[in-house]
Amino acid sequence: MSETIDERGLSCPQPVLDTLAKIAAMGSGELDVLVDTEASKENVARAAQGKGWRVESITEDGGEYTLKLIGA
Amino acid sequence: MNNFFATRTGIVSVGLVIGCLAALLQYLGNPGNMGICVACFERDIAGAVGLHRAGVVQYMRPEIIGFVLGGLGAALFGRDFRPRAGSAPIVRFILGVFAMIGALVFLGCPWRAILRLAGGDLNALFGIAGLIVGIGIGTLFFKQGYNLGRSQKTYGSVGLMMPLVMAGFLVLMLLYPQVEGEPQSGVLFYSLKGPGAMHAPLLISLGVGLVVGVIAQRSRFCTMGAFRDLILFKQVHLLSGVVALLAAAFAVNLVLGQFHPGFDGQPVAHTQGLWNFMGMVLAGLCFALAGGCPGRQLFMAGEGDGDAAVFVFGMIVGAAFAHNFGLASSPKGVGPHGVAAVFIGLAVCLFIGMTMRKKA
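Chains as they are written, first to last, in my numbering: chain A, 1 to 72; chain B, 73 to 432.
Just chain A, with the same shape it has in the complex (with noise of 0.2 Å):
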């Protein structure tokens, strides 16, 4: 199953502590995370994998960038 969460335009640390609190609910499974920055795009996904998960792809559409986290 596949969740998605919208981090445009909140700043730092908030696109963080929203991934972390939605990979600690899910536990395992497919994340989306929209974020519109460079910083958040590396942010969260250096704290996504500090919590085993992988990112399996980063795509651009015009600036904003989608995550897909998989967590096993």
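Keep in mind that the hints were calculated from the coordinates and are not lab data.
Quick caveat: nothing in here was measured; it's all calculated off a predicted structure.
Mixed in with the good hints there might be a few duds.
[Claimed, not checked] To give an idea of the chain A side of the interface with chain B (calculated C-beta under 7 Å), a few residues:
{"id": "1", "residue": "Leu10"}
{"id": "2", "residue": "Cys12"}
{"id": "3", "residue": "Thr37"}
[Stated by the list, open to error] No farther apart than 20 Å at their CA atoms in a straight line, the calculated lysine-lysine pairs in the PhoX-like style are these:
{"id": "4", "chain 1": "A", "residue 1": "Lys22", "chain 2": "B", "residue 2": "Lys306"}
{"id": "5", "chain 1": "B", "residue 1": "Lys215", "chain 2": "A", "residue 2": "Lys22"}
{"id": "6", "chain 1": "A", "residue 1": "Lys22", "chain 2": "B", "residue 2": "Lys430"}
{"id": "7", "chain 1": "A", "residue 1": "Lys68", "chain 2": "A", "residue 2": "Lys51"}
{"id": "8", "chain 1": "A", "residue 1": "Lys51", "chain 2": "B", "residue 2": "Lys215"}
{"id": "9", "chain 1": "A", "residue 1": "Lys51", "chain 2": "B", "residue 2": "Lys306"}
Glycine is no exception: its CB is placed at the ideal position from the N, C-alpha and C atoms.
Chain B: place on chain A using the hints.
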């Protein structure tokens, strides 16, 4: 991740470079343990344009101009320029005002707190402890859902406002250069004595500012984030950069004979431990609530963040209040109303932190 600066090696390299350059700036003329101090330098800029008339702290610091323009250049080059604004700007302005007031009770931003320690000023330990406590209080608000709300994408010109202001400041400095022995040149004020009279040559200061602006924008170097991420996420990524800055500045200070350990007689510092601590509690809390240390706010303003730009102007106006109202400390100790200002600032932060939260 294809950004070298986002790696551990990258952030440590950035910290090392900033630490070395800051210590060198002191050697080349900047005030003691103040190679780079974002709070002090914005305060000097407030003085240079006459927002306050404290004659010893007036100089248009090219480092600050370089930080913003370097950040802009790096963001444009890295396709990372994101014009955005609209996340509670008035709150960010007020947080900037009190961040500056707190920093001037201590006498330094977090960068300078680290540089003071690297120069042997042990009073900085109280400031750094206060900074960590202030950030820690901020993380409690984050855990309760504190949030300044979303920013919106906006016109490129919005993101260019702060870089244009800084470019304008640079033009003013070139039009009205410092004249030996004169306290004023055209519209700009120049200190004849005190920290404002101590500065490295303009082009060197500007060059260092540009270099730091570029590498700090790419690496997201942030001294507040360093402690916040440690407390909130047990992450040491940003902290490793701050430790590298401390180590590099310490090493260069030793080599250049700039390391003088002790509490008394430290440059641009006072020995009132409690207020060194409390000033930075206030500043740290403001930085945490606003999402970045003063340096980081400048780099974000350079990459198009209009809300960070508002925070910066809050700091500059806060410096004017701090000196006009007698809130800023001096080497003799806290100003006549500095203690009251710290408590007012903390009350304002509590109000902001407790009322701006989304329902769980």
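Evaluation of the provided hints:
1. Leu10: holds, 6 Å
2. Cys12: Hint holds; Cys12(A) Cβ to chain B Cβ min 5 Å, cut 7 Å.
3. Thr37: This hint holds: Thr37(A) lies near chain B, its Cβ roughly 6 Å from the closest one there, short of 7 Å.
4. Lys22(A) with Lys306(B): Within the cut-off at roughly 17 Å; holds.
5. Lys215(B) with Lys22(A): holds, 14 Å
6. Lys22(A) with Lys430(B): The hint holds at about 16 Å.
7. Lys68(A) with Lys51(A): holds, 15 Å
8. Lys51(A) with Lys215(B): holds, 18 Å
9. Lys51(A) with Lys306(B): holds, 11 Å
Hint compliance for this structure: no hint is broken.
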